[in-house]
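J.: Residue numbers (my numbering), protein chains in the order written: chain G, 24 to 313; chain F, 24 to 313; chain B, 24 to 313.
Since the hints were made in silico from the structure, they are not lab data.
Take these hints with a grain of salt, some might be off.
Stated by the list, open to error - For lysine-lysine, the following PhoX-like pairs were computed, each having C-alpha atoms within a straight-line distance of at most 25 Å: (1) G:K26 to F:K26; (2) G:K70 to F:K305; (3) B:K300 to B:K238; (4) G:K287 to G:K305; (5) B:K102 to F:K70; (6) F:K287 to F:K300; (7) G:K145 to F:K226; (8) G:K102 to G:K70; (9) F:K26 to F:K188; (10) F:K26 to F:K137; (11) B:K226 to F:K145; (12) B:K26 to G:K26; (13) B:K145 to G:K226; (14) B:K305 to B:K238; (15) G:K102 to G:K145; (16) F:K287 to F:K305; (17) B:K70 to G:K305; (18) F:K238 to F:K305; (19) B:K70 to F:K26; (20) F:K238 to F:K70; (21) F:K226 to F:K188.
Given next are the chains, with one letter for each unit.
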Amino acid sequence: MAKIITLTTDFGIRDSYVGALKGALLSVNPEAVIVDISHTIEPGNIKEGAFVIAGAYSYYPVGTIHVGVVDPGVGGQRKALLVETERHFFVGPDNGLFTFALGRESIVRSLELKQKRYFRDKVSSTFHGRDIFAPVAAHLSLGVEPSAFGTRLASCIALDSPTPKFTNSALSGEVIYGEVIYIDNFGNLITSIREEDLTARFKGTEADRLRVEVKGVEILGVCSTYADRGSGEGVALIGSSGYLEVAINGGSSVSYLNIGLGEKVSVSVSVDGTPTKKNFTKKNCNGGLK
Amino acid sequence: MAKIITLTTDFGIRDSYVGALKGALLSVNPEAVIVDISHTIEPGNIKEGAFVIAGAYSYYPVGTIHVGVVDPGVGGQRKALLVETERHFFVGPDNGLFTFALGRESIVRSLELKQKRYFRDKVSSTFHGRDIFAPVAAHLSLGVEPSAFGTRLASCIALDSPTPKFTNSALSGEVIYGEVIYIDNFGNLITSIREEDLTARFKGTEADRLRVEVKGVEILGVCSTYADRGSGEGVALIGSSGYLEVAINGGSSVSYLNIGLGEKVSVSVSVDGTPTKKNFTKKNCNGGLK
Amino acid sequence: MAKIITLTTDFGIRDSYVGALKGALLSVNPEAVIVDISHTIEPGNIKEGAFVIAGAYSYYPVGTIHVGVVDPGVGGQRKALLVETERHFFVGPDNGLFTFALGRESIVRSLELKQKRYFRDKVSSTFHGRDIFAPVAAHLSLGVEPSAFGTRLASCIALDSPTPKFTNSALSGEVIYGEVIYIDNFGNLITSIREEDLTARFKGTEADRLRVEVKGVEILGVCSTYADRGSGEGVALIGSSGYLEVAINGGSSVSYLNIGLGEKVSVSVSVDGTPTKKNFTKKNCNGGLK
């Protein structure tokens with residue numbers, strides 16, 4: 024029986040909103056185990072929410088219910104959603120918030136939440152997290168059949184996935200072009216380039232001959248952990264979520280490169296092992312933020 | 024049986040204080056279900072704490088115990104408090120922290136916490152959250168009778184409630200004057216004017232003829248959700264806690280108006296539907312914070 | 024049976040990392056009670072993490088498992104650690120993160136985590152919190168014998184403890200020299216000087232004759248709580264963790280003194296009760312941060 028319910032919202036951690044949502048949930052099922060994933064998604068940033076949910080949900084037991092509320096369209100035309108996959112449930116607004124998670128799951132059915140008997144008695148038009156999504160998740164955790172909550176949806180809203188581009192020329196050889204899609208708490212730059220992109224395009228190439236370029240500096244070699252480079256040196260590696268990541272050993276990569284989301288990143292092969300740009304190190308980038 | 028214990032404090036989320044308080048609580052009742060409402064109340068800001076507790080507590084099941092610790096007077100003359108209402112319990116300092124919640128509840132009894140057998144063995148003079156309020160809440164959750172914790176209090180400290188003022192003149196008609204009492208994570212301005220003030224004063228007036236004024240701009244019409252206005256346009260609505268709220272669709276209201284708590288807000292009736300001030304839109308307020 | 028598992032990390036509260044770690048833990052033991060101590064330790068700041076763990080762990084029931092992940096050396100040479108003491112368990116990197124907690128406990132055994140059957144199937148080289156420490160803690164909470172997880176360690180890495188120095192001269196009498204080791208959410212300065220240092224060195228001296236000096240100002244008297252001084256006045260007291268603390272009643276001490284970690288603090292005896300420096304008050308320090 025599903026009992027764990029995770030929460031990912033943009034409510035912040037000071038206001039009463041997270042507390043109210045949890046209360047609404049526990050009023051329906053006082054035995055539910057609530058787990059906070061994040062409440063500090065940038066307000067209204069659906070893409071960021073989608074990325075955070077995708078990075079956490081898969082580690083939970085089969086049957087876990089994931090509630091996501093980044094919902095700038097609340098009270099308007101957007102639908103309220105329940106998606107059942109083979110392993111998990113997702114409850115929240117139909118605005119793309121579950122795109123990156125659902126992309127990796129087998130969907131059993133998608134429903135529009137319509138049965139008001141599972142909502143709070145009075146549904147506000149500004150806080151569906153408290154009045155619709157939390158009580159629906161709680162009823163679901165009590166064993167209510169998914170089909171009881173509403174009607175089938177043929178499809179739900181999806182965000183564009185930031186997919187890398189590939190070129191292959193006589194001059195440059197194979198090149199993967201991606202971008203920075205997330206910057207984490209450590210200042211590490213997570214890119215849109217996945218491990219499988221590297222293995223597909225550079226089969227047979229040794230990892231230490233791959234050349235990662237970002238904002239005028241390069242890192243030679245994709246290694247396996249931060250400690251593979253000296254303190255203050257740039258590191259390119261496949262991060263814990265399977266994406267190519269640009270970090271600096273013992274520091275914040277973003278503060279040295281002074282870049283934002285969307286910054287271009289490329290991966291190519293160094294034929295002779297000589298750099299074509301400055302190496303990414305703290306010393307070479309002292310014009311950064313700190 | 025009461026088992027859920029909520030926490031609202033100004034301890035912040037980095038230090039060991041929240042962890043120590045939870046440990047003290049679980050040492051008395053390891054089965055208690057602890058729910059965080061907020062730990063990022065501004066240090067010592069009792070009014071903000073009172074507002075956040077009031078916005079969340081009522082959604083919890085009957086019998087829930089709400090612990091609040093915003094306690095600048097710890098170790099001094101202020102009393103330690105347990106209030107039992109018909110539906111909830113409140114435990115914390117007697118400094119007004121539960122004012123706005125208690126104002127909506129039927130109080131059964133108020134007690135001064137005195138029985139040291141329910142405190143930690145060694146009570147510090149700077150951390151009653153850990154040494155008094157948490158263990159008392161935990162014992163209460165185990166079924167100890169409220170009356171066992173101390174002696175009856177005739178009354179407890181209350182904050183002033185920010186109540187709106189009303190005028191009615193031949194020239195302006197009915198006007199409600201309130202103020203900004205809270206600014207939330209989305210930059211929405213929550214005012215002291217409640218839904219019932221509007222319905223009482225403007226009975227029979229259509230909501231789209233109400234004129235909300237704040238800091239030299241106005242919004243015509245009180246609508247029901249953010250999406251009722253175009254992106255970048257100001258919105259006045261009754262928020263999820265029942266207060267009149269000034270927001271901007273797709274943005275942070277406070278950043279465009281550059282105001283703080285206490286800023287005056289008024290509501291009147293537009294006779295002919297023509298504005299008397301600039302409309303509140305992002306474009307009209309580009310001198311804001313961002 | 025151990026069931027409570029506490030978490031202290033430097034992951035921050037926005038990313039998916041905390042959520043992923045909790046999921047990995049609950050996938051092994053869905054009944055585990057997870058309690059957050061802190062996730063906002065400064066990235067890579069082992070000393071800060073050690074101080075926060077030490078301030079919270081001891082309040083938990085016997086048998087509690089404390090997971091700490093401040094782990095800049097992840098994937099490198101540092102060992103993975105399980106320490107069993109007479110009352111608690113500690114799981115995390117062998118980098119000193121448990122130093123201040125273990126200094127107060129009787130260690131039963133220290134083990135290097137080696138048995139991969141208790142790790143996640145695929146262990147990344149950048150996220151041992153999710154792939155090693157969380158599942159090990161979960162298996163431990165299920166009753167697996169500590170000795171099953173690995174091999175005995177003769178010793179584990181320890182941080183230097185910030186111990187005060189003492190002098191005694193005819194001119195100044197007994198003086199204790201310490202430093203600021205932590206600044207809390209309230210702006211209070213926690214020093215390396217412990218209650219027992221004061222009682223050992225100043226036996227027989229009245230607390231109100233002790234003179235605490237920091238950055239050119241002094242406080243006369245060590246009192247027992249903030250409210251023992253008037254609003255805006257400096258206070259020296261033994262804080263809730265047993266350390267000498269410099270605070271200001273109704274304000275942030277650090278913002279008035281504008282100092283950082285490592286700032287020197289001394290305690291001596293005032294022979295005649297007259298100050299030798301300016302008193303620490305808000306008025307005397309108006310060049311502070313705010």
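J.: Taking the hints in turn, state whether each one holds.
T.: Now for the hints, and whether the structure bears them out:
Under the criterion of a C-alpha separation no larger than 25 Å, the hint pairing K26 of chain G with K26 of chain F is consistent with the structure, at around 17 Å. Straight-line distance between C-alpha atoms of K70 of chain G and K305 of chain F comes to about 23 Å, which keeps the hinted pair within the 25 Å bound. Restraint check for K300 of chain B and K238 of chain B: the C-alpha separation of about 10 Å stays at or below 25 Å, so the hint holds. Our distance criterion of 25 Å between C-alpha atoms is met by K287 of chain G and K305 of chain G, whose separation comes to about 20 Å.
For the suggested pair K102 of chain B and K70 of chain F, the alpha carbons sit about 48 Å apart, so the restraint of at most 25 Å is broken. Between K287 of chain F and K300 of chain F the alpha-carbon distance is near 15 Å, which keeps this suggested pair within the 25 Å criterion. Taking the CA atoms of K145 of chain G and K226 of chain F, the gap is near 22 Å; set against the 25 Å cutoff, the hint holds. At roughly 18 Å between alpha-carbon atoms, K102 of chain G and K70 of chain G fall within 25 Å of each other, so this suggested pair holds.
Distance restraint check for K26 of chain F and K188 of chain F: the Cα-Cα separation of roughly 41 Å exceeds the 25 Å cut-off, and the hinted pair is therefore not satisfied. About 23 Å separates the Cα atoms of K26 of chain F and K137 of chain F, which keeps this hinted pair within 25 Å; it holds. Of the pairs offered as hints, the one joining K226 of chain B and K145 of chain F holds, with about 22 Å between alpha carbons and a cut-off of 25 Å not exceeded. For a cut-off of 25 Å, the pair hint linking K26 of chain B to K26 of chain G stands: about 17 Å separates their Cα positions.
For the proposed pair K145 of chain B and K226 of chain G, the alpha carbon gap of about 22 Å is at most 25 Å, so the pair holds. Simply put, K305 of chain B and K238 of chain B have alpha-carbon atoms about 14 Å apart, close enough for the 25 Å limit, and the pair holds. A hinted pair counts as satisfied when its Cα atoms are at most 25 Å apart, and K102 of chain G with K145 of chain G qualifies at roughly 18 Å. Only pairs whose Cα atoms come within 25 Å are accepted, and K287 of chain F paired with K305 of chain F is accepted, the gap being roughly 20 Å.
At roughly 23 Å between alpha-carbon atoms, K70 of chain B and K305 of chain G fall within 25 Å of each other, so this suggested pair holds. The suggested pairing of K238 of chain F with K305 of chain F holds, with an alpha-carbon distance near 14 Å, which does not exceed 25 Å. This hinted pair does not check out: K70 of chain B and K26 of chain F have alpha carbons roughly 36 Å apart, beyond 25 Å. The straight-line distance between the Cα atoms of K238 of chain F and K70 of chain F is roughly 23 Å, inside the 25 Å bound, and the hint therefore holds.
Restraint check for K226 of chain F and K188 of chain F: the C-alpha separation of about 17 Å stays at or below 25 Å, so the hint holds.
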